[in-house]
Amino acid sequence: MSLTLYGYWRSTASYRVRIALNLKGVEYQYVPVHLVNEGGQQHSAPYKQLNPAQLVPTLVDDDEDIILNQSLAIIEYLDERFPSSYQLIPSHKTERARVRALAQDIACDTQPLSNLRVLNQLKNEYSAEQESVNKWAAHWITLSFDAIEKRLQTQAGKYCFDFDVTMADLCLVPQVYNAHRFNVDMTQYPLIQKITDNCNALPAFEKALPENQVDSVL
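Counting with this note's numbering, you get residues 31 to 248 for the letters of the sequence shown.
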């Protein structure tokens, strides 16, 4: 087994990569990195050597002698490394750009604002109460979903782009999971919710659910 994924069960970025690995049908070793226990295992010396950013996920591919961070880069790498019926990045330049744009809307503009280290900074440095922290996260997710719901009206089918699962779906589904965590009213986003339900009906998505990971009970 040449692939090792270092991740955390509730990390949306790790969640994206788990879905990709499941869709590709490749075996991998999963190494939990608990972001809370022991002051955050991502800050340990061995993990910092592996990933100086002290974030998850990290993918190690021993066969190719490569260590990768950043979930979108990992997903694109897996798409090329393991061609399959699930082509997560379209081959046509226009569709490829659209998929990347929606994925980046979520991974670059939305998710980082509810990242654990950001929320901890609000509490520890600015004395924000948990209720205020939750409202902060919900605000940015809502702002993002307002725009994404409108965009999907012109391009969605069963999934974000017609009837093929793409990297955009791999980003959307974990972000919806986050939205539920922060009590975002998902009835405002029927199209986003429909796509998420369609995705979660697939075994690869179900297997990747946070609650189905070994470290969810640690």
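Among the clues, some could well be false.
Straight line, CA to CA, 25 Å or less: simulated BS3-like cross-link-like pairs of lysine-lysine [to be verified]:
| no. | residue 1 | residue 2 |
| --- | --- | --- |
| 1 | Lys188 | Lys165 |
| 2 | Lys237 | Lys180 |
| 3 | Lys54 | Lys165 |
| 4 | Lys188 | Lys78 |
| 5 | Lys123 | Lys180 |
| 6 | Lys54 | Lys78 |
| 7 | Lys54 | Lys180 |
With beta-carbon atoms standing in for the labels, derived distance ranges [claimed, not checked]:
| no. | residue 1 | residue 2 | range |
| --- | --- | --- | --- |
| 8 | Glu125 | Asn213 | 31 to 39 Å |
| 9 | Ser74 | Ser157 | 22 to 30 Å |
| 10 | Gln160 | Arg181 | 17 to 25 Å |
| 11 | Asp95 | Glu161 | 29 to 37 Å |
| 12 | His169 | Asp95 | 22 to 30 Å |
| 13 | Val247 | Ala83 | 25 to 33 Å |
Just so you know, the hints here were simulated from the structure itself, not pulled from any lab data.
A quick note: this is a predicted structure, and the numbers were derived from the prediction, not measured.
Cβ coordinates follow ideal geometry from the N, Cα and C atoms, glycine included.
### Message
Of all the hints numbered above, which does this structure not satisfy? Sort the numbers upward.
### Response
1, 2, 3, 4, 6, 7, 10, 11 and 12
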